[in-house]
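**Q** Given these sequences and hints, build the entire structure.
Keeping their order, the protein sequence lines are chains G, V and A. Once you know that position 244 of the first sequence is 244 in our numbering, the rest is easy, because the numbers rise by one and skip nothing. Once you know that position 117 of the second sequence is 117 in our numbering, the rest is easy, because the numbers rise by one and skip nothing. Once you know that position 327 of the third sequence is 327 in our numbering, the rest is easy, because the numbers rise by one and skip nothing.
Since the hints were made in silico from the structure, they are not lab data. Since the structure is predicted, the reported quantities are computational estimates derived from the model, not experimental observations. Just so you know, even glycine gets a beta-carbon here, dropped at the ideal spot from N, CA and C. Any given hint could turn out to be false.
[Claimed, not checked] Per the computed footprint, the stretches of chain V lying under chain G, defined by three or more beta-carbons under 8 angstroms from a beta-carbon of chain G, are:
id : segment
1  : 15 to 22
2  : 91 to 100
3  : 109 to 118
4  : 187 to 198
5  : 208 to 219
6  : 234 to 245
[Said to hold, decoys possible] Within a straight-line C-alpha distance of at most 25 angstroms, the following computed SDA-like cross-link-like pairs (lysine to any residue) qualify:
id : chain 1 : residue 1 : chain 2 : residue 2
7  : A       : K172      : G       : A97
8  : A       : K321      : G       : P73
9  : A       : K146      : A       : V215
10 : A       : K147      : G       : I95
11 : A       : K147      : G       : W143
12 : A       : K321      : G       : I69
13 : A       : K317      : A       : R165
14 : V       : K48       : G       : W143
15 : A       : K321      : G       : W57
16 : A       : K172      : G       : H85
17 : A       : K172      : G       : E82
18 : A       : K146      : G       : P73
19 : A       : K116      : G       : E67
20 : A       : K314      : G       : I69
21 : G       : K125      : V       : A16
22 : V       : K48       : A       : A186
23 : V       : K48       : A       : G43
24 : A       : K76       : V       : D122
25 : G       : K125      : V       : W26
26 : A       : K317      : G       : E67
27 : G       : K125      : G       : A189
28 : A       : K321      : G       : E67
29 : A       : K147      : G       : L147
30 : A       : K144      : G       : P156
31 : A       : K146      : G       : L157
32 : A       : K321      : G       : T60
33 : A       : K357      : A       : A270
34 : A       : K321      : G       : H63
35 : A       : K317      : G       : W84
36 : A       : K317      : G       : W77
37 : A       : K147      : G       : P156
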Amino acid sequence: MSLTADVPEGLPRDRSAPAQRSDRQAALWGFAAAGARLLLIVAAGLVLPALLFTLWWTATERHWVPEQILPAPALVWQSLAELWHSGELQSHLEISAARVSWSLLIGGSAGLLLGLAMGLSKTAKAYLYPTFDVVSQFPVLGWIPLLIIFVGIDEPLKVSAISLAVVVPVAVNTLHGIANVPRSLFEVARVHRFSLPQVIWRVVLPAAGPSLFTALRQGVMQAWLTLVFVELLASSEGIGYLMVWGRQLMQMDLVVVGMVVIGIVGVLIELVLGTLEARLQRWRPAAY
Amino acid sequence: MPQIIDRTNGRDWRGAALPLAVLAVWWVVTTLGWVNTRLIVPPAGVLKTAATVLTQADFYRGVLASLVRDLSGFAIGAIAGIAVGALMGVSRWSNRVIGPTFHTLRQISLFAWLPLLSSWLDTGDRSKIVFIALSAFYPVVLGAFEGVRGVTRAQAEVARVYVFTRRQTLLRLILPAAAPQILTGLRLGLIYAWIATIGSEFLLANYGDGLGNIVFKGRANFNIELIIVGMLVIGLIGYGFNRLADLFEARSLRWRKA
Amino acid sequence: MQRRTFTTLLGAAALPTFSIVRAQSLTDKPSVIRIGFPNAGTGGRPVPTGNFPASADQLGEIAQEFKADGIRLEWKYYAGAGPALNEAYANGLLDFAFGHGDLPLIVGRATGLKHKIILSSGRFGPTYFVVPSGSNAKTVADLKGKKIATFKGTAGQTQMIRFLRRAGLEEKDFRVISLNSDDTKAALATGDIDGTAGVVTPFDLEARGIARTLVSTDDPAITTPGTVWVGETFEQSYPQIVQRLVTRLVKVAEWGTHAENRDKQFNLWARSGTDPYSNYKTDWGKVTDLRTRINPLLDDYYHAALQRAIGEIKEFKLIRKDVSLDGWIESKYLDTALKELKLENHWPQFDAKGVPKSKAA
Chain G
1 MSLTADVPEG LPRDRSAPAQ RSDRQAALWG FAAAGARLLL IVAAGLVLPA
51 LLFTLWWTAT ERHWVPEQIL PAPALVWQSL AELWHSGELQ SHLEISAARV
101 SWSLLIGGSA GLLLGLAMGL SKTAKAYLYP TFDVVSQFPV LGWIPLLIIF
151 VGIDEPLKVS AISLAVVVPV AVNTLHGIAN VPRSLFEVAR VHRFSLPQVI
201 WRVVLPAAGP SLFTALRQGV MQAWLTLVFV ELLASSEGIG YLMVWGRQLM
251 QMDLVVVGMV VIGIVGVLIE LVLGTLEARL QRWRPAAY
Chain V
1 MPQIIDRTNG RDWRGAALPL AVLAVWWVVT TLGWVNTRLI VPPAGVLKTA
51 ATVLTQADFY RGVLASLVRD LSGFAIGAIA GIAVGALMGV SRWSNRVIGP
101 TFHTLRQISL FAWLPLLSSW LDTGDRSKIV FIALSAFYPV VLGAFEGVRG
151 VTRAQAEVAR VYVFTRRQTL LRLILPAAAP QILTGLRLGL IYAWIATIGS
201 EFLLANYGDG LGNIVFKGRA NFNIELIIVG MLVIGLIGYG FNRLADLFEA
251 RSLRWRKA
Chain A
1 MQRRTFTTLL GAAALPTFSI VRAQSLTDKP SVIRIGFPNA GTGGRPVPTG
51 NFPASADQLG EIAQEFKADG IRLEWKYYAG AGPALNEAYA NGLLDFAFGH
101 GDLPLIVGRA TGLKHKIILS SGRFGPTYFV VPSGSNAKTV ADLKGKKIAT
151 FKGTAGQTQM IRFLRRAGLE EKDFRVISLN SDDTKAALAT GDIDGTAGVV
201 TPFDLEARGI ARTLVSTDDP AITTPGTVWV GETFEQSYPQ IVQRLVTRLV
251 KVAEWGTHAE NRDKQFNLWA RSGTDPYSNY KTDWGKVTDL RTRINPLLDD
301 YYHAALQRAI GEIKEFKLIR KDVSLDGWIE SKYLDTALKE LKLENHWPQF
351 DAKGVPKSKA A
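**A** Listed below in structure tokens is the structure:
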């Protein structure tokens, strides 16, 4: 395959191209160039983190910021390792994760049901949507003082607050997804006299797939946001609690450890959801 | 199979049915004393508190303080966000340098930043405004990035043909073309800014004044009516922001139809 | 462009440290004296309470002392208690602390904060382990595994741990939540927590039927004296200002020991809203000689109590580095003040166990 293979017939060939260069050499050069380019791109991505890290390290070495406020990177690493080895980190994480999982289950189902009801039934939509539209635009955080009064400050608070936070994006995106399902598919379902469960399973889920996935993604994000907030507010265990503990005892390294762990979990969730989504996308065309 | 026949003609009053029903049940249940009225306060009490509270200058001062903080933080975050997002969208290499760090830092759930920020920058306005700016920053960057990236080659060609300077390209071509996504980002940023405002006021309830502080302190006094009133105000402001964003979006994108 | 924004943001965070260097120039007088209280009134109300430095603030004594010199006074009240005060000091926002409890004091020094102890702000007094009124618990051990509250990072936490240890238990045998006093009262009322110690005085809560006292004790080993300290830089720059402040505080302390001023003090403290007058009356009910509690001395008892606290706090794993008393307690200001006001024998000196060494005048 020559370098000029993709030049259309009618156009003049580029006379400056060295016609003697062998194809294999050209391919090797191509690889090397691509490899170097890739390396450069990766390096570029690391420039900023390296810079920030150096700044952090220098700031603590030179005491630009009091050490009680900005912990040294080494100390953060040490605390992270200690907490990991003692198993404390894992137990805090487990508790936080359990809260999020339960709330996703509860809030997600409720949101899904709500979205399906409003999406599939015009009557339900007429009754529910106006209220839902307004209330869903209230920040969920605003509900928390009231929730504290009603359910206290223990697990029920965490789970109910996070579930509430999950219901809204899930319901909204489900509704959105159903609205985008072509009418013709519903027609087909009617012709085949599908029962409601069949409609949902065979028509809605596949067709509204992407929106449902967005629903899950957003639900998870909101859940995590609310979890950290509630744990910072009033908790006796969990990652947020770890950060409160650190702050009260001037062990800011624990605060940073908390942030790092939360960030890592966030990245992992993104990865998992991303791969899941890609998989589902591949499966979707087959459903038709 | 659910019917898809629209039975309504004219205005649909059924939407009001749910809230009215809830109100009615609430009223009945508290008047008949079926529930602990210290916890589930009667609606009349809420209305009374609302009437008192809404006439107090202190309340408005608090709301104003919150709004000022919210909008200042939002402005900072939005401007920074558009700048960074546009840069990342226009320049591939900027994207490669800033992108990975940005996306990773974005994974740190917002409120996790607050302890560190409030430790660095005092617990008053400074840390809250930086926090609010951060919460608006992320979605605006994403919106600006998407928008600017989406500017097609054809449009870039136009700029080249007209021999636009870089500044002209930016202002006359890229930003207007990216406007829809930027506006979406801004709207999301506005929502998150309000959430951050209220959240930071709850977490730092004893510092500074604001709507969140008022509501949260109502807890200590068991003033449930105040909490409900405050909650509604918080919610309505959030709702108001959304409606404003709708209006703004509709108007500024009107020229596109032409 | 972006890097500049980043560095400016980080630089803005570093600014506070520069202010600590600039503010204390080597002239005779500071332009401002910044005093912090590790407590605020209910809901963050800027009114201090509970000890004679608080009285000094409310009576305007300190303001009066420095009015003629034209030195401005900045009073800060930290609803976040000791930890918040520590943070503020680390950021260079304070010169004095009035009434710091043992835990934040020692934690501060352990993390490298540099200050000098110049006075004690009071000592002894009962501590209470409080439970919701509906609780069936008879002893602290009954609450094992339940949810208890304390204000983490404050002296209340150390008090609570000592209470627990009396019952042979540790913090990890419970689910401990960190709450401030307002939130603790609310939580007791709703039964959200099963117990608390070191944060609230229970009498008004008992009267309202919200809570009851499970255990109360006068044991001096459960409490540690409060402390007044001055930042090292300020002390080195303006020793005469420190002396004048200390003398004034001792004067107010002496005023506080007179029986006729007892009620007046309680009323001043009640202004903060955290405890009503009746609470102070009952809490101080057994105190016949006010000099036992309103006591600024840095005597043997003070030294011993602080040393004991350091050991305990290290044991409770609340600090990670060792703390030594060397060079920390600076009693020369107190000694000079006592001599100047001729109060050398006014207060009884207590020995290491908290027993008065001799009967004073």
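**Q** Could you run down the list of hints and mark each one as holding or not?
**A** Taking the hints in turn, this is what the structure says about them:
Restraint check on the segment 15 to 22 of chain V versus chain G: 5 residues with Cβ-Cβ distances below 8 angstroms, three needed, restraint holds. A count of 6 residues in the segment 91 to 100 of chain V with a Cβ less than 8 angstroms from any Cβ of chain G is obtained; the coverage claim is therefore met, three being the minimum. Given a C-beta distance limit of less than 8 angstroms, the hint that chain G covers the segment 109 to 118 of chain V holds, as 8 residues qualify and 3 suffice. Counting residues of the segment 187 to 198 of chain V whose beta-carbon sits less than 8 angstroms from any beta-carbon of chain G gives 4, enough to reach three: the coverage restraint holds.
Look at the segment 208 to 219 of chain V against chain G: 4 of its residues bring a Cβ nearer than 8 angstroms to a Cβ of that chain, three or more, so the hint holds. Using a Cβ-Cβ cut-off of 8 angstroms, 6 residues of the segment 234 to 245 of chain V lie near chain G, which meets the minimum of three, so the contact claim holds. Note on K172 (chain A) and A97 (chain G): the hinted pairing holds, with a Cα-Cα distance of about 21 angstroms set against a maximum of 25 angstroms. Distance restraint check for K321 (chain A) and P73 (chain G): the Cα-Cα separation of roughly 18 angstroms lies within the 25 angstroms cut-off, and the hinted pair is therefore satisfied.
Our distance criterion of 25 angstroms between C-alpha atoms is met by K146 (chain A) and V215 (chain A), whose separation comes to about 17 angstroms. At roughly 16 angstroms between alpha-carbon atoms, K147 (chain A) and I95 (chain G) fall within 25 angstroms of each other, so this suggested pair holds. Among the hinted pairs, K147 (chain A) with W143 (chain G) is consistent with the structure: their alpha-carbon atoms are about 24 angstroms apart, no more than 25 angstroms. About 17 angstroms separates the Cα atoms of K321 (chain A) and I69 (chain G), which keeps this hinted pair within 25 angstroms; it holds.
A distance of roughly 14 angstroms separates the Cα atoms of K317 (chain A) and R165 (chain A); the hinted pair therefore holds under the 25 angstroms criterion. Simply put, K48 (chain V) and W143 (chain G) have alpha-carbon atoms about 20 angstroms apart, close enough for the 25 angstroms limit, and the pair holds. Our distance criterion of 25 angstroms between C-alpha atoms is met by K321 (chain A) and W57 (chain G), whose separation comes to about 21 angstroms. Annotation: proposed proximity of K172 (chain A) to H85 (chain G) holds, straight-line Cα distance about 18 angstroms (limit 25 angstroms).
A hinted pair counts as satisfied when its Cα atoms are at most 25 angstroms apart, and K172 (chain A) with E82 (chain G) qualifies at roughly 18 angstroms. Straight-line distance between C-alpha atoms of K146 (chain A) and P73 (chain G) comes to about 36 angstroms, which puts the hinted pair past the 25 angstroms bound. Restraint check for K116 (chain A) and E67 (chain G): the C-alpha separation of about 19 angstroms stays at or below 25 angstroms, so the hint holds. Simply put, K314 (chain A) and I69 (chain G) have alpha-carbon atoms about 21 angstroms apart, close enough for the 25 angstroms limit, and the pair holds.
Note on K125 (chain G) and A16 (chain V): the hinted pairing holds, with a Cα-Cα distance of about 12 angstroms set against a maximum of 25 angstroms. The suggested pairing of K48 (chain V) with A186 (chain A) holds, with an alpha-carbon distance near 23 angstroms, which does not exceed 25 angstroms. Between the alpha carbons of K48 (chain V) and G43 (chain A) the distance comes to roughly 23 angstroms, so the proposed pair stays at or under 25 angstroms and holds. A hinted pair counts as satisfied when its Cα atoms are at most 25 angstroms apart, and K76 (chain A) with D122 (chain V) qualifies at roughly 13 angstroms.
Taken as a hint, the K125 (chain G) and W26 (chain V) pair is honoured in the structure, with Cα atoms around 23 angstroms apart against an allowance of 25 angstroms. About 20 angstroms separates the Cα atoms of K317 (chain A) and E67 (chain G), which keeps this hinted pair within 25 angstroms; it holds. Restraint check: the Cα-Cα separation between K125 (chain G) and A189 (chain G) comes to about 21 angstroms, which is no more than 25 angstroms; the hinted pair holds. Simply put, K321 (chain A) and E67 (chain G) have alpha-carbon atoms about 14 angstroms apart, close enough for the 25 angstroms limit, and the pair holds.
For a cut-off of 25 angstroms, the pair hint linking K147 (chain A) to L147 (chain G) stands: about 19 angstroms separates their Cα positions. For a cut-off of 25 angstroms, the pair hint linking K144 (chain A) to P156 (chain G) stands: about 21 angstroms separates their Cα positions. At roughly 17 angstroms between alpha-carbon atoms, K146 (chain A) and L157 (chain G) fall within 25 angstroms of each other, so this suggested pair holds. Taking the CA atoms of K321 (chain A) and T60 (chain G), the gap is about 18 angstroms. The hint holds against a cut of 25 angstroms.
Using a Cα cut-off of 25 angstroms, the hinted pair K357 (chain A) and A270 (chain A) is violated, with the two alpha carbons roughly 33 angstroms apart. Between K321 (chain A) and H63 (chain G) the alpha-carbon distance is near 19 angstroms, which keeps this suggested pair within the 25 angstroms criterion. Restraint check: the Cα-Cα separation between K317 (chain A) and W84 (chain G) comes to about 17 angstroms, which is no more than 25 angstroms; the hinted pair holds. Restraint check: the Cα-Cα separation between K317 (chain A) and W77 (chain G) comes to about 19 angstroms, which is no more than 25 angstroms; the hinted pair holds.
As the CA atoms of K147 (chain A) and P156 (chain G) are separated by approximately 14 angstroms, the hinted pair is consistent with the 25 angstroms bound.
When each numbered hint is compared with the structure, violations occur for hints 18 and 33.
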